[in-house]
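A.B. asks: Okay, here's what each chain looks like letter by letter:
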Amino acid sequence: MTASSWLRWGLLLSPLPAMFLALQVGAYAVPWKEVWQYVLFSSGREAVSEQMWAILFQVRLPRIVLAMLVGVALSASGTTLQAVFRNPLVDAFILGLSSGAALGCALSVAFLPGVPIQVGAFVCSLTAAFLTFFLARTRGEVPILSLILAGVIVSAFFSALVSIVKFLVDPHKLASIVFWLMGSLSLADWQAVQKSAPWILAGSGIIWLGRWRLNALSMGDAEAKALGMSVSRERGLFILAAAITVAAAVSVSGIIGWVGLMVPHVVRMLVGPDHRRVVPVSMALGASFMVLSDTVARTLTGGEIPVGIITTLTGAPFFIFLLKKRAQQSWTT
Amino acid sequence: MITVSDVSFQINGRPILRQIDLTARPGEVSVLLGPNGSGKTTLLLCIAAQHQCRQGLINLAGHDLAELQPPTLARLVAMVPQDHHPVFPYTVRELILLGRLSRVSFWGQPSREDQQVVEEVIGLMGLGHLADKPYTQISGGERQLVLIGRCLAQEPQILLLDEPTNHLDFKNTTVILQLICDLAHQRELTVLLTLHDPNLALLFADHVIMLSRGRVAAAGLPGDVINPATMAQLYGMEVEMLHQGERRLLYPKLS
Numbered sequence: 001m002t003a004s005s006w007l008r009w010g011l012l013l014s015p016l017p018a019m020f021l022a023l024q025v026g027a028y029a030v031p032w033k034e035v036w037q038y039v040l041f042s043s044g045r046e047a048v049s050e051q052m053w054a055i056l057f058q059v060r061l062p063r064i065v066l067a068m069l070v071g072v073a074l075s076a077s078g079t080t081l082q083a084v085f086r087n088p089l090v091d092a093f094i095l096g097l098s099s100g101a102a103l104g105c106a107l108s109v110a111f112l113p114g115v116p117i118q119v120g121a122f123v124c125s126l127t128a129a130f131l132t133f134f135l136a137r138t139r140g141e142v143p144i145l146s147l148i149l150a151g152v153i154v155s156a157f158f159s160a161l162v163s164i165v166k167f168l169v170d171p172h173k174l175a176s177i178v179f180w181l182m183g184s185l186s187l188a189d190w191q192a193v194q195k196s197a198p199w200i201l202a203g204s205g206i207i208w209l210g211r212w213r214l215n216a217l218s219m220g221d222a223e224a225k226a227l228g229m230s231v232s233r234e235r236g237l238f239i240l241a242a243a244i245t246v247a248a249a250v251s252v253s254g255i256i257g258w259v260g261l262m263v264p265h266v267v268r269m270l271v272g273p274d275h276r277r278v279v280p281v282s283m284a285l286g287a288s289f290m291v292l293s294d295t296v297a298r299t300l301t302g303g304e305i306p307v308g309i310i311t312t313l314t315g316a317p318f319f320i321f322l323l324k325k326r327a328q329q330s331w332t333t
Numbered sequence: 001m002i003t004v005s006d007v008s009f010q011i012n013g014r015p016i017l018r019q020i021d022l023t024a025r026p027g028e029v030s031v032l033l034g035p036n037g038s039g040k041t042t043l044l045l046c047i048a049a050q051h052q053c054r055q056g057l058i059n060l061a062g063h064d065l066a067e068l069q070p071p072t073l074a075r076l077v078a079m080v081p082q083d084h085h086p087v088f089p090y091t092v093r094e095l096i097l098l099g100r101l102s103r104v105s106f107w108g109q110p111s112r113e114d115q116q117v118v119e120e121v122i123g124l125m126g127l128g129h130l131a132d133k134p135y136t137q138i139s140g141g142e143r144q145l146v147l148i149g150r151c152l153a154q155e156p157q158i159l160l161l162d163e164p165t166n167h168l169d170f171k172n173t174t175v176i177l178q179l180i181c182d183l184a185h186q187r188e189l190t191v192l193l194t195l196h197d198p199n200l201a202l203l204f205a206d207h208v209i210m211l212s213r214g215r216v217a218a219a220g221l222p223g224d225v226i227n228p229a230t231m232a233q234l235y236g237m238e239v240e241m242l243h244q245g246e247r248r249l250l251y252p253k254l255s
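One line per chain: the protein sequences are C and H, in this order. Residue numbers for the first sequence follow this note's numbering, so the first one is 1 and each next one is one higher. Residue numbers for the second sequence follow this note's numbering, so the first one is 1 and each next one is one higher.
By construction, these hints were calculated from the structure, which means they are not laboratory data. Since the structure is predicted, the reported quantities are computational estimates derived from the model, not experimental observations. Every residue, glycine too, gets a C-beta built ideally from N, C-alpha and C. Some hints here could point you the wrong way.
Some but not every residue of chain C turned toward chain H, in silico, with C-beta under 10 Å [as the list claims (entries may be wrong)]:
id, residue
1, ALA83
2, PRO88
3, LEU209
4, ARG211
5, ALA216
6, MET219
7, ALA224
8, LEU227
9, VAL231
10, PRO273
Build the full structure now, drawing on both the sequences and the hints.
C.D. replies: In structure tokens:
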């Protein structure tokens, strides 16, 4: 194997050591030997206390699995949106898909108990995506700056609607909405995994299967069509898939920014721009990054820091770095 | 084979093409000549179905253009774009591979066979030393070659090129046009391209179509169509011609 394929496989397998690390650390440290015992020999259960079993399998493991799912969702959608909009500076957060999903969740928690929050989140997130797209599009082109501006506008609009919901809602429900909006995995359990996994797997499955076609879409409408794509139909499908994954992720973890922007970028620097490699490696790296960020979030202080704060603290400086680097090249188109 | 009959086209109500009739045959290089704004690019874009043309008929290798779906069309016609704005720095090999897109199913990945076609194209075009380079970091002439390569990977019957010599230096112009001629003659490709320089048309074309204000002003063998009289009429300037053996050279008459 060449150095680059070693690197690729290393990245693809990175969620495993991340998971192993995350199982050990926390308020109640579990030595790695015992984690090993559980993972490899499930029969070891009698040997160690009931309490430790509960910590590993009822508290930490569901949280780790959920973090991985959210990481996959955010980075897969980020990769897709960057390719579809031919713009390496966007992700679900910047384009307003996350705020849209948040509004959907808040609405269904506050006023529509009959509607599953994933459905509400999906509908609003998809609306936000297409709103941003049509707002940014001028004469068949989607310029970089106007796309980011459109995203800011749509984000602000949906955030304002979320605020209205917060203002109107029953105070008992308010606390849960506010806490969840901060972006945290502290409420993770197997039920949350069960509710979000099918959506996230379906959406990222579409993206994974269609990953080579993202290369063609990133050439622009005219060329993609000349290469034989039904452009608006396929672009619509990819945006839909991104919206599904983002909506499901937001519905269980709130808004966690920057992962979807940062991860695909780092991956392109490491394995090159071909989406046949970028998509799977981004998913893997997104999963590891979320697990590690969440581990930091729950162990750094005595209490819990919302993981959204950790990812923003790492992501915002990274975005500034990208902007600066890009500004030196060119800003047009 | 391209057959265009009675095609008219407007943009925002302004007529760009008026009742165009033309034929481009397989194994020949057909060249569209004409001043800026005469409708050359628009005509190519209509034939490539990038513009939706509602008046008149366009027939490509026996198929009515209006009835062709994007994947079928891409297996029939390939077009080298005039402007190309890359965003992601794909390698030359990855870019040429995209030419296979219309032959891979929606959920599929390119097969070994597709990779093989790409390697053949890379060999044919002499791009081996560039294959693993980002195509954003190669010269304009090399990029033009790569884009033609991507079209060949489509294995089309018809090849359209919009000013393929744009931005190219003296030597690259010759290299690219010679290559296009060889491809047309050896592979029985129908080639239709636009040029600005009538001298290049004299050197390389098998068939010339002159456009003036959206109409076909003349069509035929380059030697018959390109002469000082037609050029003067087309461009509204005085033109003279030098003869040496079979070669002819047009140049503007300076006062």
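A.B. asks: If a hint holds in the structure, say so; if it doesn't, say that too.
C.D. replies: For each hint, the structure was consulted:
A distance limit of 10 Å between C-beta atoms decides the matter here; for ALA83/C the minimum to chain H is near 8 Å, and the interface restraint holds. Given hint, PRO88/C at the interface with chain H, holds; its Cβ is 7 Å from that chain's nearest Cβ, closer than 10 Å. This hint holds: LEU209/C has a C-beta 5 Å from the nearest C-beta of chain H, less than the 10 Å allowed. Hint status for ARG211/C relative to chain H: holds, with the closest Cβ pair at about 8 Å, below 10 Å.
A hinted interface residue such as ALA216/C counts as satisfied when its beta carbon comes closer than 10 Å to some beta carbon of chain H; here the least separation is about 5 Å, so the hint holds. For the restraint placing MET219/C at the interface with chain H, the shortest Cβ-Cβ distance is roughly 7 Å, inside the 10 Å limit, so the hint holds. A hinted interface residue such as ALA224/C counts as satisfied when its beta carbon comes closer than 10 Å to some beta carbon of chain H; here the least separation is about 8 Å, so the hint holds. With a cut of 10 Å, the hint placing LEU227/C at the interface with chain H holds, because the nearest CB-to-CB distance is about 4 Å.
At a threshold of 10 Å, the smallest CB-CB gap from VAL231/C to chain H is about 8 Å, leaving the interface hint in force. At a threshold of 10 Å, the smallest CB-CB gap from PRO273/C to chain H is about 4 Å, leaving the interface hint in force.
Comparing the model with each earlier hint shows no violations; every hint is respected.
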